[in-house]
Amino acid sequence: IYNFSLYFLLEVERKIRANDREYNSSFKYATNSIKTSKYNPFTFLPLNLFEQFQRIANAYFLFLLILQVSLTLSSFHSCKYREVCCEPPNNRLDRFMGTLTFGTQKYSLDNERVLLRGCTLRNTDWCFGLVLFAGPETKLMQNCGKSTFKRTSIDRLMNVLVLFIFGLLALMCIILAVGNGIWENHAGSKFNAFLPREENTAFSAFLTFWSYIIILNTVVPISLYVSMEVIRLGNSYYINWDRNMYHARTDTPAEARTTTLNEELGQIKYIFSDKTGTLTQNIMTFNKCSINGKSYGDVIDHYSGQRLEITEEMTPVDFSFNRLADPKFFFYDHTLVEAIKLGLPDVHAFFRLLALCHTVMAEEKKEGDLVYQAQSPDEGALVTAARNFGFVFRSRSPETVTIEEMGIQRSYELLAILDFNNVRKRMSVIVRNPEGKLSLYCKGADTIIYERLHPSCSELMKVTTEHLNEFAGEGLRTLVLAYKDLDEEYFSEWKQRHHESSVALEDREENLEKLYEEIERDMMLIGATAIEDKLQDGVSQTIEQLTKAEIKIWVLTGDKQETAENIGYSCNLLREEMNDVFFIAANSPEEVRQELRISVVFIFKWSLFLQRDACLKMLVQDENVNGDYGLVINGHSLAFALESNMELEFLRTACMCKTVICCRVTPLQKAQVVELVKKYKKAVTLAIGDGANDVSMIKGYYWRFVQSISFCLFYIWLTDLLKKQYMLVRYVLTLGCWFKLVLCWFMLAMCWFKLALWLF
55 IYNFSLYFLL EVERKIRAND REYNSSFKYA TNSIKTSKYN PFTFLPLNLF
105 EQFQRIANAY FLFLLILQVS LTLSSFHSCK YREVCCEPPN NRLDRFMGTL
155 TFGTQKYSLD NERVLLRGCT LRNTDWCFGL VLFAGPETKL MQNCGKSTFK
205 RTSIDRLMNV LVLFIFGLLA LMCIILAVGN GIWENHAGSK FNAFLPREEN
255 TAFSAFLTFW SYIIILNTVV PISLYVSMEV IRLGNSYYIN WDRNMYHART
305 DTPAEARTTT LNEELGQIKY IFSDKTGTLT QNIMTFNKCS INGKSYGDVI
355 DHYSGQRLEI TEEMTPVDFS FNRLADPKFF FYDHTLVEAI KLGLPDVHAF
405 FRLLALCHTV MAEEKKEGDL VYQAQSPDEG ALVTAARNFG FVFRSRSPET
455 VTIEEMGIQR SYELLAILDF NNVRKRMSVI VRNPEGKLSL YCKGADTIIY
505 ERLHPSCSEL MKVTTEHLNE FAGEGLRTLV LAYKDLDEEY FSEWKQRHHE
555 SSVALEDREE NLEKLYEEIE RDMMLIGATA IEDKLQDGVS QTIEQLTKAE
605 IKIWVLTGDK QETAENIGYS CNLLREEMND VFFIAANSPE EVRQELRISV
655 VFIFKWSLFL QRDACLKMLV QDENVNGDYG LVINGHSLAF ALESNMELEF
705 LRTACMCKTV ICCRVTPLQK AQVVELVKKY KKAVTLAIGD GANDVSMIKG
755 YYWRFVQSIS FCLFYIWLTD LLKKQYMLVR YVLTLGCWFK LVLCWFMLAM
805 CWFKLALWLF
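The numbering used here applies: residue 55 is where the sequence shown begins, and numbers increase by one.
Source of the hints: derived by calculation from the structure; they are not laboratory data.
Where is the CB? At the ideal position from N, CA and C, for every residue including glycine.
Each statement offered as a hint is correct.
Straight-line distance between alpha carbons at most 20 Å, and here's what the computed DMTMM-like set of lysine to aspartate or glutamate pairs gives:
1. K712 with D634
2. K602 with D634
3. K794 with E283
4. K516 with D400
Pair by pair, the computed Cβ-Cβ distance ranges are:
5. I276 with L722: 44 to 50 Å
6. L722 with I268: 54 to 60 Å
7. P399 with I354: 19 to 25 Å
8. I652 with E528: 26 to 32 Å
9. A256 with L287: 47 to 53 Å
10. P399 with T519: 19 to 25 Å
The task is simple: from the sequences and hints, build the whole structure.
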């Protein structure tokens, strides 16, 4: 279906029929032919010349050359008469809307039912498929932006120097041409007898000017560009071969994916980093939990009642009662296992929720050998914890989830999955147990779940909040768990409305969100989980060295403020000797503005308010600040701070601080912070990320690193440098400076060589 608007043909909906080529051909959809090369036979010359002419010297020699010349598919057989109606091609990887019509029935198609490149079929040997997008209309090609040609400060300096040299050359040629004109007037006529020449003195001087331009062309150092590229290539190989940046455990060396930016490593002023998987290892372990107001996970001395520090010498919990326990899982609080064995209902409900509310896939190649494939390490850690405490997730199908509860296998009917996303920040499943009871199980961020709890949970919520603050203070990642029993009649009516919304192409997401909000009300609180994510090796020392080098570090994370703050202190981003750390956690634009201004006033120790004309400047200048300060701002306040009438106040305040931590932020807010810094700060920046939620941040920066882990391999193509460990000191403070010095010394040597060549 097409709408004509402003003379453009806009596709608003796509229809495809299985095994009906004539029908599909009538829409003139794209073929499966794609082009991933930067050039083709027709565009190679103009595009390549355009890039090369970014260097002034190349344009000059082209002009000199002109001057010299002028002077001298597959098939689908098994299913018939099925029609798919879906959204037009777009670049969004996180969503898809469509409907499948088969006979008189309609079925919803979402992102979970679309196979993209790199997907692997699991738990089935075959499936039927229908090509929706082909060639340049595929998600991969839609996300392939135009190649950008980055220029370093040395390249820009070279252009300025070449312009200066060319100006000097022009001045020399003008002087020589004027001298030729004077000579022609006074002595030139005496040579006409044996050397005929132009009678017009001015025209003779004009020709002489261009002749000297050609004769003195070696003044412009064109070979310097080639030599610099060779040096840069050598620097890239030096990074690849550097044994100090080799990760022996995974047999992974560093990999430079560009040769043009290596010397800029030493010029970095701002580092923007994710936390999970970047500052930390992204290896999650179930550490503590709170169930019905009681905290588990600490080891208490029975004589003194004091909490003991957990060490490797301590005896872990014995899980021998569970034949399916993971031998690599360790837990040290024996009271939780005792509660499981006693059959406490709340404890059983806690781990039953962990075993059911997830999207993990289980593979069992031999009896008892379970391997979990999880979309995130958090889910994998929680399901593994439930497995060890007797609630073992065994398998799933589109209609059922099978778990083993304390040795008894039970299959739950899976009626609905309410997916997690960065806006909802929670996930729910609706299941029917073997006895026929309907239940909704939900897990998510504390602030989100608390808003949807039944009023009777207020006292339990206070106790759980104390536990959450304690967990977050130790740097642990937290989730809150809740459940709700459903009425059969109400759920049948809700399910019908859910199906109608899921097959609609218009306002599908908005309608589904309303239905999710409706059913996820008045839930009962069960407890909370706390997962440990250990720091990368050498992070604290690295950040300390970078701070001494006057490099400012911003951390953009989705974790709780307390967790982010604790990690900040653990890795020396925040230090006790700092003059102050400002916390921005307001609920309105006016409060955010006031807290930002109070921070500025405190830094300068005298009353200072931003004037209106300061907000009109196109560049935020660095200001001299006495002392070290940190800034921690949550996502709610950041949304107000990034508004157009406040963004410069936020940026100015943040730039006065050594460290900025933005917590509870969405991927969109990460991208907005990127754009803010790019727009108003003229500095070389570095971005470090590890996965999908960092893509928008990584794509926006001048320098891009990816922390190579198993959950980010699809995003490595975005990077300029791929690394396996946190080795920024060697990258930024050592190799970056070396590469810059090598090029600078080479340019200086070339200058002396040129000077000596002309003088002697």
